[in-house]
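Spelled out, the chains give:
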Amino acid sequence: MVELLKRLMLASGASGREDKIRQAIIKEVEPYADEITTDNVGNLIVRKKGEGKKIMFCAHMDEIGFFASYIDESGYIKVSGIGGINPVSCAFSEVVSENGVYGVIVPESSKEMPKLDNMYIDIGAKNKKQAEKSVKIGDYFVCVPKMRKLLGTKYVGRPFDDRVGCAILVEAIKQIKEAKNDLYFVFSTQEEVGGRGSKPVSYSIMPDIGIALDVTGTGDKPGASPMAVKLGGGCTIKIKDAGVICSPTLVNKMREIADENKIKYQNEVLLYGGTDASSIQVAGTGAYVSAISIPSAFIHSGVEMIDMADVKEAVKLTVLLANKL
Amino acid sequence: MENIKKTLVALCSQMSVSGYEYLAEKAIRELCADIFDEIKTDPMGSYVLIKRCKKENAPKLLIDGHLDTVGMMVTDIKKDGFLSVVNIGGLDTRVLPATEVTVYGKEEIYGLVTSTPPHLRKQGADSVPALKELYIDTGYSKEELEKIVKIGDPVGYRYKLTEMNGGYVTTSGLDDKACVCGIIEAMREIDVNDLKYDIYVTISAQEETGKNGSARASFGIDPDIAIITDVNFASGDGTPDYECIKCKDGCSVDISSLTDKDLTRNIIKLLNKKGIKHQIICEPSRTYTNNEGVLVSGQGTRTAVLSVPLKNMHTPCETVNLEDIKSLAQVICAIACEENL
Amino acid sequence: MKELLKELSLAFGPSGCEDEVRDIIEKYIKVAMPKGAELFSHKSGGLFLHIPNENKPKMMICAHMDEVGFMVTGIKDNGLLHFGCVGGIDPIVLTSKRVISEKGLCGSIIAKPVHLLSPEERDKRPKIENMLIDIGADSKEEASNLTFVGEYFTFDSDYIEYGDGFVKCKALDDRLGCAIMCKAIREIAKGNITSEYDLYFAFTCREEVSFSGAIGATELIKPDYAIVIESKAVADVCGVSERKKVCDLGKGAIVSFADLGTIYDKDFTRYIMDLCDKNEIEYQVHRMVSGGNDSRHIQLGACGCRVGLLSAASRYIHSPSDVVHYDDLDAIYKALTAVIKGGN
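In order, the protein sequences belong to chains C, S and L.
Under the numbering used here, read the first sequence as residues 1 to 325, first letter to last.
Under the numbering used here, read the second sequence as residues 326 to 666, first letter to last.
Under the numbering used here, read the third sequence as residues 667 to 1010, first letter to last.
Where hints are given, some of them may not hold.
With a Cα cut of at most 25 Å, we get these calculated PhoX-like pairs of lysine-lysine [to be verified]: (1) K6/C / K149/C; (2) K264/C / K475/S; (3) K27/C / K174/C; (4) K475/S / K253/C; (5) K199/C / K536/S; (6) K910/L / K467/S; (7) K472/S / K264/C; (8) K324/C / K431/S; (9) K911/L / K467/S; (10) K431/S / K253/C; (11) K365/S / K54/C; (12) K457/S / K230/C; (13) K724/L / K709/L; (14) K475/S / K351/S; (15) K264/C / K403/S; (16) K769/L / K485/S; (17) K177/C / K27/C; (18) K403/S / K917/L; (19) K253/C / K351/S; (20) K599/S / K573/S; (21) K431/S / K264/C; (22) K149/C / K312/C; (23) K467/S / K262/C; (24) K742/L / K571/S; (25) K365/S / K253/C; (26) K1000/L / K856/L; (27) K742/L / K806/L; (28) K668/L / K696/L; (29) K573/S / K806/L; (30) K230/C / K431/S; (31) K910/L / K457/S; (32) K475/S / K324/C; (33) K668/L / K485/S; (34) K485/S / K672/L; (35) K911/L / K403/S; (36) K312/C / K475/S; (37) K312/C / K180/C; (38) K722/L / K701/L.
Treat the hints as calculated values from the structure; they're not laboratory data.
Please build the complete structure, drawing on both the sequences and the hints.
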């Protein structure tokens, strides 16, 4: 599982540029899928056909990144943000472009709170001309992916958001031998810019039940905003976030299944941020939705932190739900 | 009036914080079983109630009122049996200190929103406390409370319907149960033989959190015409007259760039012709009602908005006049019996 | 005592309008008068019971009958009512609360819809002078037929027991004191308690506005000792530091050494604490110099007297939702009767 996660982490892909990660996932799931399709906005849909309810699991492939918007005379690259960039947590990071050009993103002054407007990428070019040979306006950068084991079962790196969700789905696809329900595993695009990719795919599938897999915040780090979820406390069952109130009947059913099978889980009410569940809920005539989340500290930074123990619980719960809902 | 009051009491005694409308299913079915041909629920939590006119190829008329109310949700269980909460929908935090609530855990328990005496409050607090500074006092120990309440359980105001002078009644959740009541009473009164449409009443979910419930229900129904009913600000002290309608002047027809111009004008013409009391309010741009979602859902729908004046919106003392609910019922009856709108 | 506390708390009795409360107490006492006792009233509205015990020191037990409330100060053309507070009420607990008039007319304190508020209006503590009561009248004329300038209102609030031994109602401040005293009187009448003092029970008026009821009582009785039974505003809620919580609900009777109005007699207070220890009665010491009550007038009235305070920790005091814990009321009752019996 750790190796699988690492493979997916290393295949970079900011919102709208999910090609590499999509290929990486296809490679993983090909032997296990009944059908694999890609839709017009790049969503990857992996099916395991069954007779029962139409269940859509959804994890997003994309990550936050930078858009090269201007190259100045000296060869420094100004950027716009793609998704919820926090300038504080990405200042002084290594970045890599979609074409494999490395650089660093730095603020103009290290004395003030950095703003993205006052930051630039330095790829080591001596002037504009040289820079333009490697980077074109419109190229995407992401912070360099990495993953390292800490004490216990904790891991740090990026982008766990949401390659960890993708890895859980890939693992579930591998583990589910026979589908009792009609299963759609969706690896969605453009979540970081507002759950965009999952909208059309939910509409085309129109599932009975939708379950997103994503990261969520935690409240157990110093100065964290209050939240009852703890890193290492088990995966979570989502009840509410800023974008969705999950279907209470589904939430109750999920808790019941988790309790019966001794899955370690926490109840999640996330005050800020959302996930694909909100898009699935309002597709067509509407769907019953919730999410399974992996508690993650320092989300959207270069040092996102998760606990693999929580990931294992999430895999177990996903596999159980696929056949028991 | 007695029927209206009874129905309103039945609706208002049901907790239906956005997302938790399913808890009211039994009450809705009991209230509506005799009035409608069919009652369905949907994944968003809305109720679709169908009353057919028994004419072939009759057009479909959707009439919507939302069941959900603003409320709170438990985010943590603290020491000494206090709960921290987050708002659901546009909660008015000014009214919270010392307000009574019910926590819907494994069982319903009584709670009080905390309020700190002025001399013990943090310094410089000349402001209204924010929700994150307030807690719900349950009177239980943390250990006992954890057996009853889970993170994510909903919390609603706990106020029974009280009659005031002159036909006014007050309680929480009259937004939009006053209109739901009007719709149900219209459907009770109407003679099926006069109906010109198959009526699809949506008692919809999740209006307060994004107006999604009615839009999804409408997607499945695909109506020809949709009438959205909601409460609107009643004029009173400190509220600008031009943004408000008046209590006891009847339900209002809302004119907006988001409603169907011809449908709205035809309804006004019809009411004038039949001499049915009503008022008019202009909302040049948005209506901030379910009409915004229904308008564009699925193949799109012609929509009109009717509203009932409500005082003290989104507080535990929402106040409405029963006459205005009756007026809404009359207007709905008139519309449902009129072809070619 | 619970039944009586409920009846008393639901009774209408803002300062200066305590008649209903006084009638309930009078009726209750008259059912079983202690032997030789004399019931009389003060012209300012107080009600007193004297249980004589010749040649013993005079002890006065005191609680106030009144509660905070409102008074109509004007009627607007649109039928809404201006009002002032009777007693100290934090305006923050008023927005959108229900009120009821002397005649039982229901009303509510209006709130401009949150949607129409400017950010300043939304966050700023409201001012009483800008608040209005809606009684469902649409004109001044209609309102004038229903109420009048000078009519009293109080909070409209149910008596509710909740959680583990808590109770919530309006006016628990200080009907709990009245109820505890009534219970003590009943037990004395039954012969279950014998007083070591020349005993006076004083049910006073107008504590919430000027404390004048206690002044009159002290002048009249001239006690040697006095015990005041009160509610104490505490903040034992989540998010408040331990010190500022003042005291905790459910942890026993509060004894005080000082508040903002009174430095209590230290010997008498320690004596009460000793009695509590001896009789295993739960008590707690008031942790902050805050609040104040009738005691200041009693201590310094007439020739002066030794005054002690027994109070019940109360959350959200002076709101529609006063909260106290039954265990604390029991502890106060026990402490009070221990004092009355005398500690030899």
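Point to revise | Numbered hints the structure breaks, given as an ascending list | key: none
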